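Participant: Below, each chain spelled out in residue letters.
Protein chains: 2
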Amino acid sequence: MMDFLEEPIPGVGTYDDFNTIDWVREKSRDRDRHREITNKSKESTWALIHSVSDAFSGWLLMLLIGLLSGSLAGLIDISAHWMTDLKEGICTGGIWFNHEHCCWNSQHVTFEDRDKCPEWNSWSQLIISTNEGAFAYIVNYFMYVLWALLFAFLAVSLVKVFAPYACGSGIPEIKTILSGFIIRGYLGKWTLIIKTVTLVLAVSSGLSLGKEGPLVHVACCCGNILCHCFNKYRKNEAKRREVLSAAAAAGVSVAFGAPIGGVLFSLEEVSYYFPLKTLWRSFFAALVAAFTLRSINPFGNSRLVLFYVEFHTPWHLFELVPFILLGIFGGLWGALFIRTNIAWCRKRKTTQLGKYPVIEVLVVTAITAILAFPNEYTRMSTSELISELFNDCGLLDSSKLCDYENRFNTSKAGELPDRPAGVGVYSAMWQLALTLILKIVITIFTFGMKIPSGLFIPSMAVGAIAGRLLGVGMEQLAYYHHDWAIFNSWCSQGADCITPGLYAMVGAAACLGGVTRMTVSLVVIMFELTGGLEYIVPLMAAAMTSKWVADALGREGIYDAHIRLNGYPFLEAKEEFAHKTLAMDVMKPRRNDPLLTVLTQDSMTVEDVETIISETTYSGFPVVVSRESQRLVGFVLRRDLIISVENARKKQDGVVSTSVIYFTEHSPPMPPYTPPTLKLWNILDLSPFTVTDLTPMEIVVDIFRKLGLRQCLVTHNGRLLGIITKKDVLKHIAQMANQDPDSILFN
Amino acid sequence: MMDFLEEPIPGVGTYDDFNTIDWVREKSRDRDRHREITNKSKESTWALIHSVSDAFSGWLLMLLIGLLSGSLAGLIDISAHWMTDLKEGICTGGIWFNHEHCCWNSQHVTFEDRDKCPEWNSWSQLIISTNEGAFAYIVNYFMYVLWALLFAFLAVSLVKVFAPYACGSGIPEIKTILSGFIIRGYLGKWTLIIKTVTLVLAVSSGLSLGKEGPLVHVACCCGNILCHCFNKYRKNEAKRREVLSAAAAAGVSVAFGAPIGGVLFSLEEVSYYFPLKTLWRSFFAALVAAFTLRSINPFGNSRLVLFYVEFHTPWHLFELVPFILLGIFGGLWGALFIRTNIAWCRKRKTTQLGKYPVIEVLVVTAITAILAFPNEYTRMSTSELISELFNDCGLLDSSKLCDYENRFNTSKAGELPDRPAGVGVYSAMWQLALTLILKIVITIFTFGMKIPSGLFIPSMAVGAIAGRLLGVGMEQLAYYHHDWAIFNSWCSQGADCITPGLYAMVGAAACLGGVTRMTVSLVVIMFELTGGLEYIVPLMAAAMTSKWVADALGREGIYDAHIRLNGYPFLEAKEEFAHKTLAMDVMKPRRNDPLLTVLTQDSMTVEDVETIISETTYSGFPVVVSRESQRLVGFVLRRDLIISVENARKKQDGVVSTSVIYFTEHSPPMPPYTPPTLKLWNILDLSPFTVTDLTPMEIVVDIFRKLGLRQCLVTHNGRLLGIITKKDVLKHIAQMANQDPDSILFN
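Each protein sequence line maps, in turn, to chains E and B. Oh and the first sequence: position 75 is 91 in the numbering used here, straight run, nothing missing. Oh and the second sequence: position 707 is 723 in the numbering used here, straight run, nothing missing.
Hints listed in this document are in silico derivations from the structure and should not be mistaken for laboratory results. A hint or two may mislead.
List time: in silico BS3-like cross-link candidates among lysine-lysine, alpha-carbon distance up to 27 Å [said to hold, decoys possible]:
{"#": "1", "chain 1": "E", "residue 1": "K251", "chain 2": "B", "residue 2": "K604"}
{"#": "2", "chain 1": "B", "residue 1": "K251", "chain 2": "E", "residue 2": "K590"}
{"#": "3", "chain 1": "E", "residue 1": "K255", "chain 2": "B", "residue 2": "K251"}
{"#": "4", "chain 1": "B", "residue 1": "K596", "chain 2": "E", "residue 2": "K695"}
{"#": "5", "chain 1": "B", "residue 1": "K590", "chain 2": "E", "residue 2": "K743"}
{"#": "6", "chain 1": "E", "residue 1": "K596", "chain 2": "B", "residue 2": "K722"}
{"#": "7", "chain 1": "B", "residue 1": "K747", "chain 2": "E", "residue 2": "K293"}
{"#": "8", "chain 1": "E", "residue 1": "K596", "chain 2": "E", "residue 2": "K365"}
Rough simulated footprint, nothing fancy, chain B against chain E, three-plus residues with beta-carbon under 8 Å [as the list claims (entries may be wrong)]:
{"#": "9", "segment": "294 to 300"}
{"#": "10", "segment": "536 to 543"}
{"#": "11", "segment": "635 to 647"}
{"#": "12", "segment": "692 to 704"}
{"#": "13", "segment": "714 to 723"}
{"#": "14", "segment": "732 to 740"}
Nothing here was measured: the structure is a model prediction, and the numbers come from that model. Backbone N, C-alpha and C fix where the C-beta goes; we use that ideal spot for every residue, glycine too.
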């Protein structure tokens, strides 16, 4: 594609790594570009076509992102499914089949024993030709742990060697990038490839982690890489971030099969600048991604996720009490998890522990695998576990959780009344309780290791187990005590009044809410999983309670906590700045500091400027009329200044150290025999943002957030007094919250 | 409730009618209030309780809004249903029953003839004791027109006499109010009462209008009135607008039974300032409203709307072609409608026509009723029509639209293959074509009359008719030509491959999109009506096409067009300002104007200030150090200045005309025997927003939008040069778009 815009000096207008972009400048540049294209479009047919194609390139890009991230999600689902089963055995009918598909193709299988077919061989069958006895069990156990360790080792090594940015969930970093920070390579092709591969390995290793968060990172990598095909997005950091917001929506859309929820997640949780045009495009990308994934059909059930459910029984108003209890549990667990996980991650950062990521991963994997194998609910993959917990026991379900007494004596067709629990349910309850404890403890140590690891699935699993336990408890209570006052109005004998699967779902929502502090997007995602408007109210009650409880114990969600732990310069848009400080309390120079370094508009030589550049590290300098008046003319960025002066030294004839630099539009006529002047009017920002020294910081913070500023100048009665950078604002916020202001690492 | 904040002088900090609020000041005031409550909460238990109740008052308010607007929507639905049927007859079994309920209670009715029961008497039966023959038809015709005229007359008279603001859909005005404009009484109790009553009358009169838009106005009235119960919201214009945004969501939620769609509508279409906290609360309000309405169950089917549908047949990729055609139709119709409707409304405003609203309404009602009665599809209420058009013909449907040949010969149980159309379908097609023409023409004249009138339902009806016609056409084409290449891969003989009801729904979405230019919210609302993720793609294809086509023919949606027609000071947040002008081109004073009127900080007397106040009409004055230096100190609002000076004259001993006014923090010691000075430091805004004269207007517009400013001062090299108000910005935008800048009426 052509590009009408030319940059006079290469490098002017770009950013260094670990710097913050200037949203105002980026958006201005995009508008200039757009204006130029629109103006030229009237001149020739070719330019008109270019203008139209430029307008539609955004949609094309969304389509490509949807297709690519949908396909990758399908690939990840299928591979992870296969490799998870590989830990238990292989299919002799074709080693590329997973357990379920293997038995689908089998002739020797009844519906009752769907899982058992001669084609599927466990490792003990392959090695010692039997599946019976203690030795076979030990062989299977050993192979399970071995495969888990192998997968984990591969994952952590690949991450360490090829793409260190591929670890974690990626959401804290994506939030920071979307807020305008630059981390080169974080969304690059190596990260994409390694993250995709290692995500499959990490999920298959049986660790307590999910693929949902990393899928957002994968989708954002797709978005970023595809941006390179379009000039409009490649060259403009602000426009590119619009695309990344949409890609994040597509990522959640494929992770949960929830396109609307994905868009709301992007809006609520990750995005910073989200104009309405982006909303519509994100929705498109999310939808394309979801339908791509569905046509791949990774689970063979034409659903986008493993844990899609449909409930049939309505809930009763009284059930809000247990739902709210689940909300409280979710909030408590969320707050506890964040606190302990952050403490552990801080320990990892500050002690020797962080130097041995491979050993750490292997140890955690070994512990997880050894503890997981004996219990069938920890052995199965977490999303299968969630799927089983959400499931409403039907007539044909053969799982232990559905082992009720009199289960085949139904009064009416299709209706399943509350029944006394059988032996299977009681043993399942014990196993689930152990699973709950294991998941609660091990997840704390897992999240934050140097492998791709999402938190959605483990949180949902914790909540779903707690919910199912409570649900079965309630069901049995209602069965044995249906004459109690709280039950007798709505839960008569033989009625189907309590759905334990719904409790599991509500619990999952509560725990997810407690950890991430999502609100609307959480409810909408769960709504899209059930498909019934009916169940929004329980979900909302649990999500609200969980958020209130968790917020009371700690304001930050897990992503914000990790952002702060890593010291990313992220200016939170949700929190109000509640202190009564003024701009003069925050600006540099402080009262006893040396004066503000300024440039004058027409009295400094090249040498003076070079001295200032070498003696200071500020990222920009205000330009004033004269040092005495301190009246502000404009602002010039250090990077632009260095490039321009160097460029002039090299190319412009006769510019020497004593040449005077003019920041004015017209330089005055010079006497003869003086060295030629250097005019830098073109790199001067003539509309720097200013506030007065008495402006409350709450307004300054608001301006920084809403306009996406990098810096702001402070004046008093029209005289320049100081400067506030985004870093100063972040430090001040940290200071006010009694945190260490120097934890803000980057500028 | 208590209020810790006290205003030193009553009136300072409030706004006049038809003025724009200062978002920055309002938000600062709310933060101050919040800070004060938080600080006090540590002192006593009572203050702590107050602090907690203050924090939860927002949620309580949302609950109340949801309950009230849900109840009102139920009331309106039931009354409108009954009064619509009253035009045709009454129930002798109880005159409070509508036609459907009347026959439900009857013993003498078969399922086939659900509509016919002896208890329901048409007017001819009551008056001339027969329902047969031409005379009975004329009697019924006459009574139908008479009732329609009576309802319309009552509606327009009530609006005219009691609440002129109750007319129209209200959405353009609510958008303007939410952007920060003040229209006293627009959301008051009289408007609420009269709008509720007249909405029922207007809908029942059979005019081509809907209740959905006005329901948003009704919900916003509820929100505004309930705000008066809470100090936090009553006294703060910015906080109140957050509540109104949520109320708008609740309004759409009950109008379409779509809580998520409602929230997105509020976000996308009506709201201006929509922090994430509001998103969550809006969702809560929308959900409460929807469930309140459902427990009222106005349609007796436990659905929130009359036109809820469930489709069973998937769509085929090829069908995207007719869906896109429907999108084009919707876009064309939308653009045409907006253009003609605005032309007609402008004619009404500028000619004698606008002086006779009652006659206008009666004439339009008479024409509508006379043309509507002979055709059953125009005679029924528009939402019933839409319901019938969306409906997928089942085995038991007795409507003419389902009169296919061989309709009872189904191959498999529950599956309805494509069949040849019977006589009923052909006659229905003709009647629908006539209905389409009538609706297209009459809606242009109806929307904008002095009665409550929504546009959603008529637009959807137009689209649904067009869609159903196309759908039936496609179905017959596929039936008779299933060997054509386009059909033979997926539509074999005897298969159920085309659902005409889906075409109707897609058409409805297309037309609604063409008129309102909604995008995500439109698709989500329609999705919530069908409940299947499957059908999002057709809806999205149609909505995208429709928006592109309509945008190509005219940028504005109907609400924006009406905002501009009425000259409301609304700063559109979606459109980018694309011109290359600078702040100096827009600011006052212009080049040849007299100098900017400024106050000096310490050298003006009370008399000087009073002279300036009486000689100018500016809404505020910059305060400078001295006229010579023009260095800016702050900004003072005219209203605050007048109130403070008057107050000082009345109360403060000895303040006379020669008293000097000080805008400084400390007034210098005065020599004895000079009149006492007047200190106005407290009303001075010490942090006025400033931009330089060379700031591009695109950035200025952005600042005005994002920060919600009322005015902004312009400086050059640190000296005050001029001022830009929101009105100046709006005028400049209008001028750049080649519109009459003086159409911006209010300041």
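Participant: Would you mind marking each hint as holding or not holding in the structure?
Facilitator: Outcome of the hint check:
no., hint, in the structure
1, K251(E) to K604(B), "37 Å, violated"
2, K251(B) to K590(E), "23 Å, holds"
3, K255(E) to K251(B), "39 Å, violated"
4, K596(B) to K695(E), "23 Å, holds"
5, K590(B) to K743(E), "30 Å, violated"
6, K596(E) to K722(B), "22 Å, holds"
7, K747(B) to K293(E), "25 Å, holds"
8, K596(E) to K365(E), "34 Å, violated"
9, 294 to 300, "holds (count 4)"
10, 536 to 543, "holds (count 4)"
11, 635 to 647, "holds (count 4)"
12, 692 to 704, "holds (count 3)"
13, 714 to 723, "holds (count 6)"
14, 732 to 740, "holds (count 4)"
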